[in-house]
Amino acid sequence: EDKVVQSPLSLVVHEGDTVTLNCSYEVTNFRSLLWYKQEKKAPTFLFMLTSSGIEKKSGRLSSILDKKELFSILNITATQTGDSAIYLCAVDVGSGGYQKVTFGTGTKLQVIP
Amino acid sequence: KAGVTQTPRYLIKTRGQQVTLSCSPISGHRSVSWYQQTPGQGLQFLFEYFSETQRNKGNFPGRFSGRQFSNSRSEMNVSTLELGDSALYLCASSLVADGSYEQYFGPGTRLTVT
Chain A
1 EDKVVQSPLS
11 LVVHEGDTVT
21 LNCSYEVTNF
31 RSLLWYKQEK
41 KAPTFLFMLT
51 SSGIEKKSGR
61 LSSILDKKEL
71 FSILNITATQ
81 TGDSAIYLCA
91 VDVGSGGYQK
101 VTFGTGTKLQ
111 VIP
Chain B
114 KAGVTQTPRY
124 LIKTRGQQVT
134 LSCSPISGHR
144 SVSWYQQTPG
154 QGLQFLFEYF
164 SETQRNKGNF
174 PGRFSGRQFS
184 NSRSEMNVST
194 LELGDSALYL
204 CASSLVADGS
214 YEQYFGPGTR
224 LTVT
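Same order as they appear, the protein sequences are chains A and B.
Quick note: the first sequence uses this note's numbering, first residue 1, plus one each step.
Quick note: the second sequence uses this note's numbering, first residue 114, plus one each step.
These aren't lab readings, by the way, just hints derived from the structure by calculation.
All values reported here derive from a predicted model rather than from experimental measurement.
The beta-carbon is built from N, C-alpha and C at its ideal position, and this holds for glycine as well.
Here chain B is said to cover these stretches of chain A; the calculated rule only asks that three of the stretch's residues, wherever they fall, bring their Cβ under 8 Å from a Cβ of chain B: (1) 28 to 34; (2) 43 to 56; (3) 83 to 95; (4) 99 to 110.
In silico DSS-like cross-links for lysine-lysine, where the CA-CA straight-line distance does not exceed 25 Å: (5) Lys56(A) x Lys67(A); (6) Lys3(A) x Lys170(B); (7) Lys57(A) x Lys67(A); (8) Lys126(B) x Lys41(A); (9) Lys126(B) x Lys40(A); (10) Lys57(A) x Lys108(A); (11) Lys3(A) x Lys56(A); (12) Lys108(A) x Lys41(A); (13) Lys37(A) x Lys108(A).
The task is simple: from the sequences and hints, build the whole structure.
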């Protein structure tokens, strides 16, 4: 059974701190790893990673994938209260025209002023 | 470009009833996936439709079914509702072509079963 595990489950930091969220996976057919941010609504797409060692960056957020060790990290630097959310990691195990995405349970991040 | 839309946004049903939820994907997206999100289980994959065909299915009972129309709009049906079916039901669409596999989520339908 495909498995995606995120750690920590929850995290409380102060504004300005840097955080690292972890995602490890064990799946039968890896196509890509996806990060989402979920506030009080639907998840919004952050990154898609397919290749090891190539950092994806968007503002203060960055992510990298290690396909040998089967994990990814999401870094957030200079955190702000608006970063408070649940961060979801997911792995697309589909192939060809199929799509099947397995999600982790998420890391709940709270940034306090 | 309009995003993924889901209707209705909120729904209250009683045990034993059935419900149909609707999802309109982003224009041009042919893949629609459905998820159930509960506090205890997180986001769980229900099924994926691509070009009107169910391509993948998660571990849910047969009471959960769906379909996709030729315009890529999708519906999800749950029959004989149980209290445990109370959840946020999310649909997501993606292009699934030329390496574009990112999923974009709709706002969800909050289903409460009493």
